[in-house]
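S.K.: Single-letter residue listing:
There are 4 protein chains.
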Amino acid sequence: MSLVPTATVSEHNSRDSCWIIVHSKVYDVTEFLDEHPGGSRIILKYAGGDATEAYEPIHPPNAILDNLPIEKHIGAIDPNTVVAVVKEVTEEEKQRQAVLASRPPIDEIINLHDFEAVAKKVLPAKAWAYYSSASDDEITIRENRAAFQRVWFRPRILRDVSVVDWSHTILGCKSSFPVYISATALGKLGHPDGELNLTRAAGKHNVIQMIPTLASCSFDEIIDAALPGQPLFVQLYVNRDREITKKYVQHAEKRGVKALFITVDAPQLGRREKDMRMKAVDDNGTAKVQDGQSDVRRDQGVSRAISSFIDPSLSWKDIPWFRSITNMHIILKGVSTPEDAILAYESGCQGIVLSNHGGRQLDTARSGLENLIDIVAALKTKGPWPNPNFSIFVDGGVRRASDVLKALALGASAVGIGRGFLYAFCSYGQEGVERSFQILREEFEMNMRLLGARSISELKPEMVDASALSAHVGVTPTDNLYNNTYQHLSTAAFRESKL
Amino acid sequence: MSLVPTATVSEHNSRDSCWIIVHSKVYDVTEFLDEHPGGSRIILKYAGGDATEAYEPIHPPNAILDNLPIEKHIGAIDPNTVVAVVKEVTEEEKQRQAVLASRPPIDEIINLHDFEAVAKKVLPAKAWAYYSSASDDEITIRENRAAFQRVWFRPRILRDVSVVDWSHTILGCKSSFPVYISATALGKLGHPDGELNLTRAAGKHNVIQMIPTLASCSFDEIIDAALPGQPLFVQLYVNRDREITKKYVQHAEKRGVKALFITVDAPQLGRREKDMRMKAVDDNGTAKVQDGQSDVRRDQGVSRAISSFIDPSLSWKDIPWFRSITNMHIILKGVSTPEDAILAYESGCQGIVLSNHGGRQLDTARSGLENLIDIVAALKTKGPWPNPNFSIFVDGGVRRASDVLKALALGASAVGIGRGFLYAFCSYGQEGVERSFQILREEFEMNMRLLGARSISELKPEMVDASALSAHVGVTPTDNLYNNTYQHLSTAAFRESKL
Amino acid sequence: MSLVPTATVSEHNSRDSCWIIVHSKVYDVTEFLDEHPGGSRIILKYAGGDATEAYEPIHPPNAILDNLPIEKHIGAIDPNTVVAVVKEVTEEEKQRQAVLASRPPIDEIINLHDFEAVAKKVLPAKAWAYYSSASDDEITIRENRAAFQRVWFRPRILRDVSVVDWSHTILGCKSSFPVYISATALGKLGHPDGELNLTRAAGKHNVIQMIPTLASCSFDEIIDAALPGQPLFVQLYVNRDREITKKYVQHAEKRGVKALFITVDAPQLGRREKDMRMKAVDDNGTAKVQDGQSDVRRDQGVSRAISSFIDPSLSWKDIPWFRSITNMHIILKGVSTPEDAILAYESGCQGIVLSNHGGRQLDTARSGLENLIDIVAALKTKGPWPNPNFSIFVDGGVRRASDVLKALALGASAVGIGRGFLYAFCSYGQEGVERSFQILREEFEMNMRLLGARSISELKPEMVDASALSAHVGVTPTDNLYNNTYQHLSTAAFRESKL
Amino acid sequence: MSLVPTATVSEHNSRDSCWIIVHSKVYDVTEFLDEHPGGSRIILKYAGGDATEAYEPIHPPNAILDNLPIEKHIGAIDPNTVVAVVKEVTEEEKQRQAVLASRPPIDEIINLHDFEAVAKKVLPAKAWAYYSSASDDEITIRENRAAFQRVWFRPRILRDVSVVDWSHTILGCKSSFPVYISATALGKLGHPDGELNLTRAAGKHNVIQMIPTLASCSFDEIIDAALPGQPLFVQLYVNRDREITKKYVQHAEKRGVKALFITVDAPQLGRREKDMRMKAVDDNGTAKVQDGQSDVRRDQGVSRAISSFIDPSLSWKDIPWFRSITNMHIILKGVSTPEDAILAYESGCQGIVLSNHGGRQLDTARSGLENLIDIVAALKTKGPWPNPNFSIFVDGGVRRASDVLKALALGASAVGIGRGFLYAFCSYGQEGVERSFQILREEFEMNMRLLGARSISELKPEMVDASALSAHVGVTPTDNLYNNTYQHLSTAAFRESKL
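Residue numbers (the UniProt record's numbering), protein chains in the order written: chain A, 1 to 499; chain B, 1 to 499; chain C, 1 to 499; chain D, 1 to 499.
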């Protein structure tokens with residue numbers, strides 16, 4: 001590979017000829033500009049210069065290799081010509097660093113909400129927008145949380161709860177609790193070590209991580225960070241090019257991954273408006289779009305930018321093919337209806353995840369927890385439940401061990417948590433993830449004792465009252481004239497203090 | 001027609017003799033003062049002067065001709081006597097112009113709510129009040145929106161959704177999506193080009209516009225702005241003088257309009273209090289009504305001012321007459337009950353619109369979407385559904401393509417959007433309307449893929465959970481003593497930043 | 001009657017000997033101090049002086065005569081000894097007068113809420129507290145309003161509604177609409193003419209007023225203000241001394257009153273905490289209650305102060321006695337259950353009022369509107385409904401003609417409005433009451449047209465959907481941790497304006 | 001016991017040798033540091049000094065004796081060596097004292113909420129956090145309150161309610177109303193006299209107090225403060241060491257206690273996050289936890305600190321043993337399900353308390369009131385209800401006599417109030433408790449009259465509508481885009497005041 005002087009690169013700084021440097025390699029992306037899922041504008045910003053910093057967190061490591069023909073790989077940058085750039089720290093970044101320094105000490109973090117509250121303040125705005133956003137009116141993401149709180153406990157008393165055990169087996173793998181780390185994309189947006197924070201903490205505490213297709217770290221980096229024998233699952237966005245998918249799946253199996261979670265609720269990634277707005281504001285400050293220059297893609301946010309490879313033609317016909325290329329457990333992630341649950345069961349899969357993608361895909365889809373009721377009932381028509389050969393997982397909106405216990409009481413096999421752990425490492429790195437595990441353990445111990453369940457197998461449907469789970473209602477819109485006029489009651493008034 | 005000097009007009013500046021100039025014509029409105037639906041006060045404000053600017057946006061173009069006897073048409077103003085008036089720009093208008101200049105760039109508009117939010121800030125207060133107002137406590141207008149969000153999706157997975165097609169046929173006319181532009185009145189209050197913004201955008205993008213009786217632009221102006229073959233519908237308020245109505249209907253048919261939507265929910269236009277308040281404040285600044293001078297009509301707002309011609313005696317007996325004067329499809333707009341749906345079906349109409357007039361007529365009427373359930377069930381007793389000879393449309397509260405998909409899954413033939421497109425042109429003119437179409441298309445593509453429906457015909461009732469649609473409930477009024485005393489939980493506290 | 005010099009009165013200014021002047025008469029109330037329902041403190045404030053101003057608005061005119069033995073009536077004040085007191089206007093009162101002067105012009109009042117909003121600002125704090133307060137947590141008062149908004153309309157179309165007629169007959173009396181003025185106490189707290197505002201407006205507009213036992217004006221003053229033949233009802237708190245009651249009832253009948261409404265939901269007047277707090281703050285500014293001096297009654301507010309004469313022993317056994325002393329219609333005001341409705345029917349009453357006393361008695365009692373459903377059903381078991389010999393009235397929470405139409409559709413005979421008209425005269429005197437009638441008439445016309453009912457008799461149960469009326473529910477308490485962390489969606493941002 | 005000079009104690013001021021003074025006795029707690037449930041840090045703060053003030057309010061009086069081996073009891077402090085410490089009053093305490101001085105006069109306290117509102121302001125932050133906190137998201141604590149307001153009254157009329165009687169018999173003991181004082185811990189955190197405030201007021205007014213295991217005052221102090229024959233109950237946390245429990249129970253019986261309430265919903269005390277946060281902030285101001293020094297227990301708040309002795313192995317097998325050691329009534333406190341209610345009945349207990357520990361244990365457990373419905377129904381299958389040999393008590397969320405009446409109408413035997421009385425003495429000492437009794441009496445009189453029940457035995461299920469009690473529902477998450485754009489209605493505007 002030839003060496004290219006920095007000065008040469010900087011000559012190619014326009015739409016007519018656009019070179020960029022990524023990780024010290026030089027690429028000619030002129031013809032790629034219009035194909036870039038994130039729009040041409042963001043690339044042109046770095047035309048003739050180094051785009052590594054912007055590129056890294058939001059692209060899978062092999063993004064350029066997969067998308068740019070080899071003849072556009074110009075060569076390596078000549079190291080002698082690189083001028084060390086004194087990275088100027090923006091005012092916004094300075095403030096962010098100050099906020100970071102004032103984080104609460106980690107032992108004041110006492111529930112998973114705390115991580116999210118910290119992450120909201122310490123994350124760069126774009127990262128927060130990407131992680132926290134959901135689709136359209138964000139009704140489903142909030143319903144996911146609310147659904148758990150419509151299930152009430154019916155605790156049993158006077159059982160000897162000296163010893164309670166919340167360890168569990170998930171798809172044949174031991175887990176220190178009935179929870180796995182669900183896949184979330186682009187971990188480096190939130191922390192320089194990205195997904196490795198999860199891998200390391202999971203290994204140390206015997207928790208199972210699901211590796212995301214869209215990880216910021218490469219698949220092998222993650223596997224390499226795992227301990228020997230540490231169980232891992234992998235999440236799959238199916239590529240339009242099935243050979244790429246096959247290679248990826250078989251590589252995962254070879255490297256010891258135990259189960260393949262095929263995402264089936266995302267033929268296209270959702271319109272996430274917080275993410276879209278962030279993008280628009282970021283790139284377009286005060287500029288007016290020039291007349292006639294349509295650049296539709298520019299405002300579609302991070303999620304659209306990274307997902308054009310996903311195959312919308314994926315269908316039930318593909319399942320036998322997956323079965324033919326791997327012996328891993330095959331789990332369909334993103335099932336919502338009893339009809340599809342039965343189809344999954346009959347197609348020879350080993351399980352399903354009742355998920356709406358954290359509210360990021362079809363808005364006003366029901367929560368996984370709500371769907372669980374109907375789907376367990378449907379699967380019971382096929383034989384005894386739980387079924388050792390078929391698992392039902394639930395994810396979305398989980399913040400408490402009590403949420404997990406509710407899902408398990410209602411028949412779930414285990415529960416996935418995505419954002420909860422993501423925000424843990426965004427705010428405190430690996431230590432945050434470990435703290436989140438510790439919090440969950442404390443909550444499991446407490447709640448199982450109070451519920452009268454000494455092991456996961458003692459969680460029974462009669463321990464919860466789920467009668468309100470499907471009770472969605474409409475409240476009459478507020479009568480503002482009345483409410484503004486009505487004067488609220490107040491408690492007794494203090495006197496003016498003499499102090 | 002004789003020429004009248006400006007000085008002569010200005011002598012007739014009192015209740016005893018009141019002349020006004022409109023579009024350079026002089027009219028003697030002395031005897032008309034007490035008949036003016038908007039009250040005499042507003043006319044007297046312009047007595048002896050030019051009333052064109054106030055007259056134009058809120059009157060149909062032929063209002064004077066229709067209402068003032070020919071002998072009161074004094075003549076044309078003598079152009080030599082007209083003094084060019086330097087129109088003074090009010091402070092309020094200056095501020096409005098500044099706000100207009102600071103609108104978000106149109107490509108930051110990513111949903112239909114955004115148009116409304118922009119319109120709210122850039123419209124003159126009176127226009128915003130007229131457009132946004134609804135009747136009484138405005139419960140129905142909000143319920144219209146909320147109803148859609150009580151229908152939850154049950155998405156199907158693993159269907160090949162590479163190609164999704166949201167084109168549709170509405171009353172035999174091709175449409176690029178299952179949505180038509182519903183009639184809204186007085187477009188020039190919001191934009192100088194008024195309804196033409198819609199006509200032009202609709203022609204370009206193959207969308208069907210319903211022309212309102214109370215358009216600011218004349219019927220022919222709108223027709224003339226349409227492309228050859230561009231399908232159009234027309235909305236009708238039935239006049240007390242049926243000859244006027246007959247002329248209007250037959251003219252519409254002659255000019256190629258495909259369907260006649262007869263408004264049946266407005267024998268009288270509703271009390272819209274925002275509109276009424278705006279009128280009161282505007283005209284009456286700090287003045288006290290003089291004792292004994294009753295002027296009841298003065299505070300009834302724009303909507304009452306323009307609607308006195310509507311015939312409250314319209315009844316089922318009139319339907320055969322309509323059938324006799326036109327071959328257009330006849331659709332009744334504003335049906336709410338299965339009883340009336342069956343009557344419409346049996347009376348030989350080609351369809352109905354389940355509508356409550358955007359919440360502007362009978363408050364606490366149920367939403368069209370809620371009524372859809374019962375009405376489809378009732379019509380199924382008359383034969384298979386969908387019925388190629390009878391259509392059910394729904395309007396009210398639609399903001400998202402997902403709303404449209406819900407209505408169609410429940411049996412609607414297509415969906416009307418009124419305010420959504422109105423606010424699009426109020427904020428960005430024709431370009432806004434086009435942007436709104438683009439947004440809907442993106443949303444249709446996304447949501448149909450995520451729902452697993454590849455064409456409109458694949459939308460099925462089982463794709464939605466509408467069990468909550470009729471679940472209106474009462475929540476106990478808040479316990480303010482308790483709530484004020486209860487201390488909310490909070491997340492971990494940040495330290496004082498050292499910055 | 002002897003003349004008493006002012007100086008003599010002023011010597012009796014202590015607990016040991018306490019004289020007061022009321023309406024130029026001198027009374028020795030020393031022994032009455034401890035019996036005074038409002039506590040001794042308020043009397044002692046005026047010991048040796050003139051108490052007229054404080055006495056007048058909150059006592060029925062004959063209160064002293066009824067309660068103080070004749071030997072304690074010392075005489076008339078010697079007019080030659082009266083020093084004209086320059087009434088000093090308090091700062092608070094000055095501010096109130098300024099607010100009064102800035103009221104909205106009455107023709108800007110466009111619904112009954114407006115009167116309440118004005119009254120809230122222009123009333124003296126004590127009057128507002130007395131009128132607006134309800135019992136305990138004020139849940140019932142708000143539920144009364146909310147209940148109407150849980151009934152939805154099912155409007156019929158294409159009926160000839162050129163002519164709509166909302167006149168009605170109530171207990172054989174013609175009324176210009178199906179609404180009567182319900183009794184509310186102590187009208188002079190809010191306006192110097194007190195209840196006469198209602199009488200005069202009612203006479204002019206053919207509306208029926210129910211005269212309250214606790215009127216500030218005397219019964220005869222009210223009757224005298226009525227027009228010849230003007231129909232009036234009377235409300236009755238039954239006195240412990242039945243002779244007083246008998247005299248009152250027979251006097252009412254003799255003076256032409258048509259119906260007797262016996263209050264049965266108030267054996268004791270409710271604890272109305274707004275009223276109680278107002279009293280406490282007013283009298284006790286910064287003072288500390290002296291040790292050992294218990295004065296329990298002092299903090300019970302106006303309502304307790306005026307109601308000690310009410311007989312808590314009133315029971316079904318008394319109904320025949322009432323029947324024996326009067327030929328007026330007998331209506332029981334304050335019925336809540338089908339059981340009691342049947343008892344009332346069987347006891348020979350002519351009707352009942354489904355009322356919870358405007359939320360002022362038993363808190364968390366259900367609304368009259370909700371009770372209407374069960375009670376109409378119960379009465380239908382006794383014969384056809386409506387029954388010409390038995391009426392069901394409903395009051396509580398009515399603000400709109402549409403509320404009235406809902407109650408009538410569900411079987412009510414007519415509807416009472418109390419606070420609505422009270423606030424009308426508190427804010428604008430008689431003119432306010434007339435305006436309120438005009439507003440109701442406009443609303444009746446509009447809503448009956450839109451509903452497709454041309455007369456009161458065309459109001460039918462199928463015109464409303466009352467399925468939500470009894471649907472009270474519990475919503476899970478808010479998840480504050482989640483909600484505080486969740487970031488709301490927002491619409492597109494405006495740029496900084498260049499203005 | 002030897003005398004120890006102050007100077008000697010102060011030499012033992014480190015983790016290596018840590019002595020502390022409590023109530024003038026010297027203890028060597030070096031080896032106890034790591035066992036201290038509240039963590040070592042709080043002890044080390046007082047190493048070598050006097051810890052009495054911190055120790056007293058949160059430890060049962062015999063805590064040291066029970067936990068520290070006798071050989072660690074060094075001796076008594078030499079009184080001659082004690083230097084009188086001028087206690088410095090902190091700024092926070094000064095402010096608290098000023099707030100205390102500006103409390104509302106007690107006769108302005110008109111409901112139980114008022115006490116809580118005052119307590120919230122006058123309590124030290126740590127005490128407020130400990131008392132007011134509940135577990136996890138504090139959903140159950142609020143639901144406890146809300147549940148009462150989902151039960152509506154169906155009041156009966158025209159019963160002679162001259163005399164109403166709310167006295168009651170609870171477990172054979174006379175009580176002036178159907179309410180007992182439920183056990184709450186650590187009363188001295190809120191008032192120097194702690195639980196004695198309750199004992200004294202209860203004796204004076206014939207109310208039954210339940211003595212808490214975790215009282216700040218010793219059991220005997222409380223008994224000694226009672227009047228001769230004053231009935232008392234006792235609450236029991238069962239100790240891991242059953243001999244301690246046996247001694248405690250038999251001592252209680254010997255001293256005349258009438259009933260033993262065994263807490264069965266707290267094998268471990270809940271995670272109460274307000275309490276935990278308070279602890280964290282208090283001890284850890286700005287300090288960073290040193291690396292490697294894990295001190296998990298430090299952030300668990302007061303409740304965890306005091307509860308490690310509770311035996312989580314307690315089970316149904318223990319009930320016969322309790323029966324064998326005492327003849328007191330045995331009541332299980334903390335039952336939630338019909339299953340366990342039946343077990344309690346069959347195990348020979350005399351009653352149960354439907355309680356969720358004031359929301360402090362298992363969050364999202366249902367309210368006792370809601371559970372009452374099912375449990376009464378279950379017990380009715382065992383014989384007539386009420387059952388003279390088995391009582392059902394309810395506690396949690398009670399603020400009004402009307403709440404009590406609802407529970408009794410639904411079948412409860414009596415109702416417990418904990419925080420209500422606790423806040424009464426925290427804000428006003430014994431006088432506050434007496435005032436709270438007076439308020440309840442007034443409310444009982446009022447509400448029984450208005451309900452038509454003249455004695456407790458006249459309270460019947462048909463007097464309430466509890467159909468909404470189990471109706472928990474989910475409301476669609478708010479549509480923020482719509483709601484932010486929608487413009488609320490407002491009432492008529494006032495003019496600028498001329499003042």
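It cannot be assumed that every hint is accurate.
Copies of one chain are not kept apart here, so a pair can be met inside one copy or by any two copies together.
What the hints assert, rightly or not - Distance condition first, Cα-Cα at most 27 angstroms in a straight line; then the derived BS3-like pairs of lysine-lysine:
#1 Lys382 with Lys204
#2 Lys460 with Lys382
#3 Lys460 with Lys380
#4 Lys121 with Lys174
#5 Lys460 with Lys317
#6 Lys247 with Lys120
#7 Lys380 with Lys174
#8 Lys204 with Lys247
#9 Lys121 with Lys382
#10 Lys45 with Lys254
#11 Lys94 with Lys246
Hints are computed from structural coordinates only; laboratory data are not their basis.
S.K.: 27 angstroms Cα cut-off: does Lys382 pair with Lys204 within a copy, between copies, both or neither?
M.R.: The answer is neither: 39 angstroms in one copy and 54 angstroms across copies each exceed 27 angstroms.
S.K.: Are the CA atoms of Lys121 and Lys382 at most 27 angstroms apart within a copy, between copies, both, or neither?
M.R.: Cα proximity of Lys121 and Lys382: none, with 48 angstroms in one copy and 58 angstroms across.
S.K.: At most 27 angstroms between C-alpha atoms: does Lys460 with Lys317 qualify within a copy, between copies, both, or neither?
M.R.: between (36 angstroms within a copy, 22 angstroms between copies)
S.K.: What label fits Lys45 with Lys254 when the C-alpha limit is 27 angstroms: within, between, both, or neither?
M.R.: neither (40 angstroms within a copy, 56 angstroms between copies)
S.K.: When no copy is specified for Lys460 and Lys382, does a C-alpha distance of 27 angstroms or less occur within a copy, between copies, both, or neither?
M.R.: both (20 angstroms within a copy, 26 angstroms between copies)
S.K.: Indicate which option fits the pair Lys247, Lys120 if close means a Cα-Cα distance not exceeding 27 angstroms: within, between, both or neither.
M.R.: Neither. Shortest intra-copy (37 angstroms) and inter-copy (54 angstroms) distances fail the 27 angstroms Cα cut-off.
S.K.: When no copy is named, should Lys94 and Lys246 be tagged within, between, both, or neither for a Cα gap of at most 27 angstroms?
M.R.: Neither: 45 angstroms inside a chain and 64 angstroms across chains, both beyond 27 angstroms.
S.K.: Reference check for the pair Lys121 and Lys174, CA-CA at most 27 angstroms: within, between, both, or neither?
M.R.: Result: close neither inside a copy nor across copies, 35 angstroms intra and 50 angstroms inter.
S.K.: Between copies, within a copy, both or neither: which fits Lys204 and Lys247 at Cα up to 27 angstroms?
M.R.: neither (29 angstroms within a copy, 46 angstroms between copies)
S.K.: How do Lys460 and Lys380 come out at 27 angstroms by Cα distance, when the copy is not named: within, between, both, or neither?
M.R.: Classified as both; 15 angstroms inside a copy, 26 angstroms across copies.
S.K.: Taking 27 angstroms as the upper bound on the Cα-Cα distance, should Lys380 and Lys174 be classified as within, between, both, or neither?
M.R.: within (25 angstroms within a copy, 47 angstroms between copies)
Violated hints, in rising order: 1, 4, 6, 8, 9, 10, 11; the structure is consistent with all others.
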